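Given the sequences, and given the hints that come with them, work out the whole structure.
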Amino acid sequence: MQDTLEEFGDDAEDSFRAMCAQAPENSLRRGITPYDLTMFNPHQLLRLVAELEELPDEEQTPAVRRVTEEAHKAIRHSGYLLFIGD
18 MQDTLEEFGD
28 DAEDSFRAMC
38 AQAPENSLRR
48 GITPYDLTMF
58 NPHQLLRLVA
68 ELEELPDEEQ
78 TPAVRRVTEE
88 AHKAIRHSGY
98 LLFIGD
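For the sequence shown, the working numbering assigns the number 18 to the initial residue and increments by one for each residue that follows.
The set of hints was computed from the structure by calculation and includes no laboratory data. Please note that a few of the clues may not be correct.
As the list claims (entries may be wrong) - Between beta-carbon pairs, the in silico distance windows are:
no.: 1; residue 1: L63; residue 2: L22; range: 14 to 20 Å
no.: 2; residue 1: D74; residue 2: Y97; range: 27 to 33 Å
no.: 3; residue 1: L54; residue 2: D28; range: 16 to 22 Å
no.: 4; residue 1: S95; residue 2: P73; range: 29 to 35 Å
no.: 5; residue 1: S95; residue 2: E30; range: 17 to 23 Å
no.: 6; residue 1: H60; residue 2: A29; range: 28 to 34 Å
Keep in mind it's a predicted model, so treat the numbers as computed, not measured. No residue lacks a Cβ here, since even glycine has one placed at the ideal position from N, Cα and C.
Next up, the structure:
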């Protein structure tokens with residue numbers, strides 16, 4: 018088991034959760050569930066980062082940018098990114 022390097026949450030508007038819920042059915046973002054655990058490995062994170070970086074500027078909220086940054090860190094460390102729903 019790897020150590021936790023960072024922990025953070027969504028913003029007050031739940032912008033990241035809302036963006037995931039509105040994502041296309043075949044996207045990795047859509048698979049991030051607000052009710053359970055979702056974990057991505059480095060290979061999956063490459064695809065997630067690509068999806069996040071392709072979002073229009075108005076959807077690049079601070080929460081989305083933070084997830085992108087942390088995904089890059091996880092990729093560099095051959096780590097995982099874990100999303101914890103309620």
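Going through the hints against the structure:
no.: 1; hint: L63 to L22: 14 to 20 Å; result: holds, 18 Å
no.: 2; hint: D74 to Y97: 27 to 33 Å; result: holds, 28 Å
no.: 3; hint: L54 to D28: 16 to 22 Å; result: holds, 21 Å
no.: 4; hint: S95 to P73: 29 to 35 Å; result: holds, 31 Å
no.: 5; hint: S95 to E30: 17 to 23 Å; result: violated, 32 Å
no.: 6; hint: H60 to A29: 28 to 34 Å; result: holds, 32 Å
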